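Chemist: If you want the building blocks of each chain, they are given just below.
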Amino acid sequence: DVQLVESGGGLVQPGGSLRLSCAASGFTFSDHYMDWVRQAPGKGLEWVGRIRDKANSYTTEFAASVKGRFTISRDDSKNSLYLQINSLKTEDSAVYFCVRIYGQVVRGANYFAMDVWGQGTTVTVSS
Amino acid sequence: DIQMTQSPSALSASVGDRVTITCRASQGISSYLLWFQQKPGRVPKRLIYAASSLQSGVPSRFSGSGSGTEFTLTISSLQPEDFGTYYCLQHNSYPLTFGGGTKVEIK
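Protein sequences appear in the order of chains W and S.
Numbering-wise (this note's numbering), the first sequence opens with residue 11 and increments by one.
Numbering-wise (this note's numbering), the second sequence opens with residue 11 and increments by one.
Just so you know, these hints were derived from the structure itself, not from any lab.
Remember, it's a predicted structure, so these values are computed and weren't measured experimentally.
By construction, the Cβ of each residue, glycine as well, lies at the ideal position given by its N, Cα and C atoms.
Treat each hint with caution, since some may be false.
[To be verified] Some, not all, of what chain S presents toward chain W, calculated at C-beta under 7 Å:
#1 Leu44
#2 Val53
#3 Pro54
#4 Arg56
#5 Tyr59
#6 Ser63
#7 His101
#8 Tyr104
#9 Phe108
#10 Gly111
This is chain W alone, in the form it adopts within the complex:
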């Protein structure tokens, strides 16, 4: 079964840093782009960022709200995805999910989109 397990969340002071991890299993991790999505308490879903695969030079994309503070990386040899979050703000408090991007053929065209989500890890930014 495809499985994503996040870890590394916790309580951190404003201005602090944290590194979240996502361990993947049940699929060929290196073949897939991966996303991070977050959800603040009682709020909706917010896309955080994406990392592409080796064939696309592991390039990344980010939401404006986190650009310059967050970094996404991956270690394909360990089937692991990471989110380095720096200069944390109280508004970064959220559950952080890692999400697989799955490719399939839809109506004759290649289609890549989020499918499987991890269970999430909680980041709380507070003094």
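Put chain S on the given structure of chain W with help from the hints.
Modeler: Then chain S, alone, in the frame of chain W:
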């Protein structure tokens, strides 16, 4: 950035009712739209991809339609287990953006 306006923000309906949720994109996104269901305390679950393709394992009472800027998620006959919050997501361009969510309550 593409804004996704989802409506209604909440609804209450009876078992057996037909329920329709709409997402409007601020610019055209072709069919690069997903629908997710999230139950309280749970992880979002993909229901529909490519605007109208039903995810494997999802009951056929769920359907999606639309292209361009207007999209609809329909539950043809609401069931007790369909409570939760529904989100659309556009992935036509960066940054990816979610709709604000529709909370579905069973009367």
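Chemist: Could you run down the list of hints and mark each one as holding or not?
Modeler: So, going through the hints one by one against the coordinates:
Given hint, Leu44 of chain S at the interface with chain W, holds; its Cβ is 6 Å from that chain's nearest Cβ, closer than 7 Å. Checking Val53 of chain S against chain W by beta carbon gives a least distance of about 5 Å; that is within 7 Å, so the hint holds. Interface restraint check for Pro54 of chain S: the shortest CB-CB distance to chain W comes to about 6 Å, inside 7 Å, so the restraint holds. Annotation: interface hint on Arg56 of chain S holds; nearest CB of chain W at approximately 5 Å, less than 7 Å.
The closest approach between the C-beta of Tyr59 of chain S and any C-beta of chain W is roughly 5 Å, which is under the 7 Å cut-off, so the hint is satisfied. Interface restraint check for Ser63 of chain S: the shortest CB-CB distance to chain W comes to about 6 Å, inside 7 Å, so the restraint holds. With its C-beta approaching chain W no nearer than about 6 Å, His101 of chain S sits inside the 7 Å limit, and its interface hint holds. For the restraint placing Tyr104 of chain S at the interface with chain W, the shortest Cβ-Cβ distance is roughly 5 Å, inside the 7 Å limit, so the hint holds.
Taking 7 Å as the C-beta cut-off, the interface hint given for Phe108 of chain S holds, the closest approach to chain W being about 5 Å. Given the 7 Å rule on beta carbons, the hint for Gly111 of chain S holds: about 5 Å separates it from the nearest Cβ of chain W.
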